[in-house]
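Chains as they are written, first to last, in my numbering: chain W, 88 to 236; chain A, 88 to 236; chain R, 70 to 487; chain D, 70 to 487.
Read the hints as simulated data drawn from the structure, not as lab findings.
Note that the structure is predicted; figures quoted are calculated from it, not measured.
Incorrect hints may have been included.
To be verified - Each pair of labels, with its calculated beta carbon distance range:
{"id": "1", "chain 1": "D", "residue 1": "E410", "chain 2": "W", "residue 2": "D186", "range": "51 to 61 Å"}
{"id": "2", "chain 1": "D", "residue 1": "E320", "chain 2": "R", "residue 2": "K84", "range": "46 to 56 Å"}
{"id": "3", "chain 1": "R", "residue 1": "K84", "chain 2": "D", "residue 2": "D120", "range": "15 to 25 Å"}
{"id": "4", "chain 1": "R", "residue 1": "G376", "chain 2": "D", "residue 2": "T373", "range": "40 to 50 Å"}
{"id": "5", "chain 1": "R", "residue 1": "D473", "chain 2": "D", "residue 2": "E320", "range": "48 to 58 Å"}
{"id": "6", "chain 1": "W", "residue 1": "K180", "chain 2": "D", "residue 2": "L451", "range": "25 to 35 Å"}
{"id": "7", "chain 1": "R", "residue 1": "T344", "chain 2": "D", "residue 2": "S159", "range": "38 to 48 Å"}
Stated by the list, open to error - Simulated crosslink set (DSS-like; lysine-lysine; CA at most 30 Å straight-line):
{"id": "8", "chain 1": "A", "residue 1": "K210", "chain 2": "A", "residue 2": "K182"}
{"id": "9", "chain 1": "R", "residue 1": "K243", "chain 2": "R", "residue 2": "K219"}
{"id": "10", "chain 1": "A", "residue 1": "K161", "chain 2": "A", "residue 2": "K204"}
{"id": "11", "chain 1": "W", "residue 1": "K210", "chain 2": "W", "residue 2": "K98"}
{"id": "12", "chain 1": "W", "residue 1": "K220", "chain 2": "W", "residue 2": "K210"}
{"id": "13", "chain 1": "W", "residue 1": "K180", "chain 2": "W", "residue 2": "K98"}
{"id": "14", "chain 1": "D", "residue 1": "K150", "chain 2": "A", "residue 2": "K210"}
{"id": "15", "chain 1": "A", "residue 1": "K180", "chain 2": "D", "residue 2": "K150"}
{"id": "16", "chain 1": "W", "residue 1": "K220", "chain 2": "W", "residue 2": "K204"}
{"id": "17", "chain 1": "R", "residue 1": "K150", "chain 2": "W", "residue 2": "K204"}
{"id": "18", "chain 1": "W", "residue 1": "K182", "chain 2": "R", "residue 2": "K150"}
{"id": "19", "chain 1": "D", "residue 1": "K150", "chain 2": "A", "residue 2": "K182"}
{"id": "20", "chain 1": "A", "residue 1": "K161", "chain 2": "A", "residue 2": "K180"}
{"id": "21", "chain 1": "R", "residue 1": "K150", "chain 2": "W", "residue 2": "K180"}
{"id": "22", "chain 1": "A", "residue 1": "K210", "chain 2": "A", "residue 2": "K98"}
{"id": "23", "chain 1": "R", "residue 1": "K150", "chain 2": "W", "residue 2": "K210"}
{"id": "24", "chain 1": "W", "residue 1": "K182", "chain 2": "W", "residue 2": "K220"}
{"id": "25", "chain 1": "A", "residue 1": "K204", "chain 2": "D", "residue 2": "K150"}
{"id": "26", "chain 1": "D", "residue 1": "K150", "chain 2": "D", "residue 2": "K84"}
{"id": "27", "chain 1": "W", "residue 1": "K98", "chain 2": "W", "residue 2": "K182"}
{"id": "28", "chain 1": "A", "residue 1": "K210", "chain 2": "A", "residue 2": "K161"}
{"id": "29", "chain 1": "A", "residue 1": "K210", "chain 2": "A", "residue 2": "K180"}
{"id": "30", "chain 1": "W", "residue 1": "K210", "chain 2": "W", "residue 2": "K161"}
{"id": "31", "chain 1": "A", "residue 1": "K98", "chain 2": "A", "residue 2": "K180"}
What the hints assert, rightly or not - Far from chain W by the CB rule (all over 10 Å, computed), these chain R residues:
{"id": "32", "residue": "P74"}
{"id": "33", "residue": "K219"}
{"id": "34", "residue": "G224"}
{"id": "35", "residue": "I236"}
{"id": "36", "residue": "E237"}
{"id": "37", "residue": "Q295"}
{"id": "38", "residue": "M377"}
{"id": "39", "residue": "T419"}
Don't be surprised by glycine CBs; every beta carbon is placed ideally from N, CA and C.
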Amino acid sequence: MYQDVILDHYKNPHGRGLRDGDAEVHHVNPTCGDEITLRVRLDGDTIEDVSYEGQGCSISQASASVLNELLVGKELAEARRIQETFLELMQSKGKSEPDDAMEEVLEDAIAFAGVSKYPARVKCALLSWMAWKDATAQALGETAGGKTA
Amino acid sequence: MYQDVILDHYKNPHGRGLRDGDAEVHHVNPTCGDEITLRVRLDGDTIEDVSYEGQGCSISQASASVLNELLVGKELAEARRIQETFLELMQSKGKSEPDDAMEEVLEDAIAFAGVSKYPARVKCALLSWMAWKDATAQALGETAGGKTA
Amino acid sequence: MTQLPGLLDTEAIRKDFPVLDRVVHDGQRLVYLDNAATSQKPRQVLDVLNDYYERSNANVHRGVHVLAEEATALYEGARDKVAAFVNAPSRDEVIFTKNASESLNLVANMLGWADEPYRVDQDTEIVITEMEHHSNIVPWQLLSQRTGAKLKWFGLTEDGRLDLSEIEQIITEKTKVVSFVLVSNILGTVNPVEAIVRRAQDVGALVVIDASQAAPHMTLDVQALQADFVAFTGHKMCGPTGIGVLWGRQELLEDLPPFLGGGEMIETVSMHSSTYAPAPHKFEAGTPPIAQAVGLGAAVDYLTSIGMDNITRHEHALTHYAVGRLLEVPDLRIIGPTTAEERGATISFTLGDIHPHDVGQVLDEQGIAVRVGHHCARPVCLRYGIPATTRASFYLYSTPAEVDALVEGLEHVRNFFG
Amino acid sequence: MTQLPGLLDTEAIRKDFPVLDRVVHDGQRLVYLDNAATSQKPRQVLDVLNDYYERSNANVHRGVHVLAEEATALYEGARDKVAAFVNAPSRDEVIFTKNASESLNLVANMLGWADEPYRVDQDTEIVITEMEHHSNIVPWQLLSQRTGAKLKWFGLTEDGRLDLSEIEQIITEKTKVVSFVLVSNILGTVNPVEAIVRRAQDVGALVVIDASQAAPHMTLDVQALQADFVAFTGHKMCGPTGIGVLWGRQELLEDLPPFLGGGEMIETVSMHSSTYAPAPHKFEAGTPPIAQAVGLGAAVDYLTSIGMDNITRHEHALTHYAVGRLLEVPDLRIIGPTTAEERGATISFTLGDIHPHDVGQVLDEQGIAVRVGHHCARPVCLRYGIPATTRASFYLYSTPAEVDALVEGLEHVRNFFG
Ligand SMILES: Cc1ncc(COP(=O)(O)O)c(C=O)c1O
Ligand SMILES: Cc1ncc(COP(=O)(O)O)c(C=O)c1O
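Could you put the whole structure together from the sequences, leaning on the hints where they help?
In structure tokens:
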């Protein structure tokens, strides 16, 4: 489960820290106490930044770092595809080997395949991704409504 | 469990029917619905009559008949000794063979020894005996107080 | 040997049940006809229990070690199996309890503590029937004492069926809950669900169905029943003791308050206040009966492998045969329907004025296990003016030969006390 | 191998527990250190369970056939064993429940429905502690919400003990019930019963003791404790899942109202009203966890054959050794008492800023099963400002070698995340 990629991200997280954003959310995993505060900044359809701070296990921390690395700079549609693919991988219960197409979409995040075998840890891996989805929806709602954060 | 003596008493009960008495009680075994109404008539220290009516299984019916046969005409002290010995026999859980002394006291009632192995039936066998004890106490209370039934 | 159309291959099935080889009273082969009280357990269920304890035993949920993951997967897998067995729309609608009695008490208590529109209070009425098991009477009596709600009930006809002639007067606009037994454990009657549910729905009352004597014997489809809650118990359906089920409609389980408080049922706890986990965990306080749930899952697998419809057919054929043969016994009076139509494989009767205790005891001496008494349904005995009945009840492993043994046994009882 | 004075012959004992031979993760021998969550079961208990199901399975009470008599004798025999195990003055004071959580909820509900002088209402206060398991917090929160009673609690000292300095202000004349844990499942602390009971008795409050983590590990004497109620749970003491115990003082059990209604708990039922059986049956609605009670009886026999005092001594020696060895691990902080005095064999700790999930997972990869999280005692984590702990807990089959394995495992965790 602890692939080197995951440990690397845990020890040297990408983009950690809170910076300006269009929306901020705070998510908690009540069963283990993992927490994340996450902000999204959009520039039109492009994700300009995902910044975050939190406490939790290596899986939830590394997952947030991988998210930052993967999503920043991407178009929203592309980012959503990545998010959905990651969700699919995490819900696979370790049953299916990820295929090449998946690997291409997920890059480093493919390292989390092993986590999907551990139901108790899947929530950790998904914490930041759910927070990102939520924050993005908020940011878009505000953009649409023309409101400031 | 169904000794011939028990079946005989069941089929040809002694002293069944309600006659005059100094006290009357009604006892019920709620788990199986057995019921007995029982009257005691005393003449000083002598039991002049035990009359009864009830519904219930062969064990409870035969036990009332045996009680009538054994106790009517006896002195109270002797009757109590019989009642206590019967109680002891019924609570023996079939563990001890009744000894000669017991047999002498209990006469026909010794046939209930086999019943003591069946916890569910012990209450049936004891129903009339508990009723008799209760009725006698009442009758004595009334006698002492000089009241009529 | 008597051959009836629709019978299962009991020779094969009986090999699965170790206890059926039991010899009692120095040489009498056991004839177990007390299945309405509890069923026997197949090897397949006992093996699963042993495997659980010998390999995977751990407390469930939140563990990160192998055993905890396995135990959780087994426990939650059992929930999936039970959900499929009763055709539940969602696995989250299946709550594990310790028995059907707890399931029914759970509903009664939730409705007492609930907010409107569910709250049962002094302005509302509760409807049950005269043929309920005590476990579906006393919880409602307690609720009515505690809240002031009025308890009403359907009476019974002479032939052991619900008297629905006054349904409009009994289930009224004030009725908030109607709770009734699907198959009676004393009369064997199968009740007309649809008529009752329709009327309950008309007045907006919740419907609770006690399926304790149905789940073991027929296909149970909670969606087809259109009930709001369905309760049953594991030990009567080849499962272990110590496990029951409450199925409830998801939106109700979301809206209704918890019952027991403790570990597992919470979301977050502080000394000042707590929030609760979503159903089903909201209703499962404390370490659940883990091995027992897993065992019930195995029982469900076992029953499904035989086929619930096949079991129903088997029991129907056997009941038809048994009713016919029993009615040949002089002085025998069946308490309940005297045909095999709309009835389950449970037959209560009286035998002249021989007390059921004596009937049961003399049958036992011949190795035949029946139950005697009021069968936790004393109002039925009161209704028919009898102190008790003798009850023979069949299951998937019961045979015509066992019916014959019962009838012969009863002849012996008659001679004995004649 | 490390030899400590007071250790049991674990080589022999471990042979009784099939699961301890389990190999996980392709070749790692299981090191089971999650005993505070649930214990493993000896062969002696599993054999009794199998025997029950294969020979004597029947519903209890009121049956006149052999199996029903046997099952009843086994079930009631288990009550005798448990009564002797806790030195109860009477066997009728032992109530079988499904787990400790139900036992505690039972008490809370009885007190809510009781008449004076026991009734908990808006004028009364309930006292618990900050180190309770959720199962001894939430029932009282629910009771306090439902009745308006005020919930108060004892806080904790830095070193994981109850802060009793304000006992006179916390337990007052208004206090009707004081409920507290005998041995904490997260801190390991053994609480000073006498001081609390004395104060409770002074003000006339009832005392409820949660002995879930005590019964498995030490001689439990309800008379010496002078409590009014004592709750514990079978699965932590070598017994099956699905069985718990509530011991209560006879006169209280007579005076207090029933909780769940149904079969077995009644004396006589009519549609209009019911009367209840005497305790313990008054509190055992429905078919009880029969096999599980019988299994608990076997567990009690097993523990007694080893000797509770010997088990305490074994665990004390092991705890002493474990505390010492754990404190050698850099960055390891024990949450709870840091000596083996007045503490049980449950040790919670944090390891630098490595999250307990990661600690547990990496230990699991080495075959070492510990629990991580808030251990159903979240207020303790809040109190010490930590999200969770890693918890190692020992039992009669635990060995110094397993402590060594844990310490080595933790070194590996540190290197891994270092
Ligand atoms: C101290 C304490 N109290 C109560 C409980 C609840 O026991 P159960 O989950 O068996 O109801 C536990 C164990 O989980 C415990 O450790
Ligand atoms: C119709 C019916 N309802 C409820 C119950 C109660 O089930 P349990 O005793 O398992 O709680 C029974 C069986 O005893 C029953 O036959």
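Check: Does the hinted range 25 to 35 Å hold for K180(W) and L451(D) at CB?
Finding: 33 Å, holds
Next item on the list: Beyond 10 Å from every chain W Cβ: check whether that's true for E237(R).
Entry: 49 Å, holds
Margin query: Need the status of pair K161(A), K204(A): alpha-carbon distance at most 30 Å?
Written below: The hint holds at about 29 Å.
Note to self: Can you confirm whether the C-alpha distance between K150(R) and K210(W) stays at or below 30 Å?
What the structure shows: Holds, at roughly 24 Å.
Check: Does K210(W) lie within 30 Å of K220(W) when you go C-alpha to C-alpha?
Finding: 15 Å, holds
Notebook entry, point to check: Is the hinted pair K98(A) and K180(A) satisfied, with a Cα-Cα distance of at most 30 Å?
Noted result: 26 Å, holds
Checklist line | Restraint check for K150(D) with K182(A), where alpha carbons must lie at most 30 Å apart | finding: 20 Å, holds
Note to self: Please check whether G376(R) and T373(D) have a Cβ separation lying inside 40 to 50 Å.
What the structure shows: Holds, since G376(R) and T373(D) (Cβ atoms, about 47 Å apart) stay within the stated range.
Check: Going straight from one Cα to the other, do K220(W) and K204(W) come out at no more than 30 Å?
Finding: 23 Å, holds
Notebook entry, point to check: Regarding the assertion that P74(R) does not contact chain W, is the least Cβ-Cβ distance greater than 10 Å?
Noted result: It holds; P74(R) is separated from chain W by about 45 Å at its closest Cβ, greater than 10 Å.
Next item on the list: With respect to the beta-carbon atoms only, verify the hint that E410(D) and D186(W) lie 51 to 61 Å apart.
Entry: Since the Cβ atoms of E410(D) and D186(W) sit about 59 Å apart, the hinted range of 51 to 61 Å holds.
Checklist line | K180(W) paired with K98(W) [C-alpha distance capped at 30 Å] | finding: 26 Å, holds
Checked against the numbered hints listed earlier, the structure breaks none of them; every hint is satisfied.
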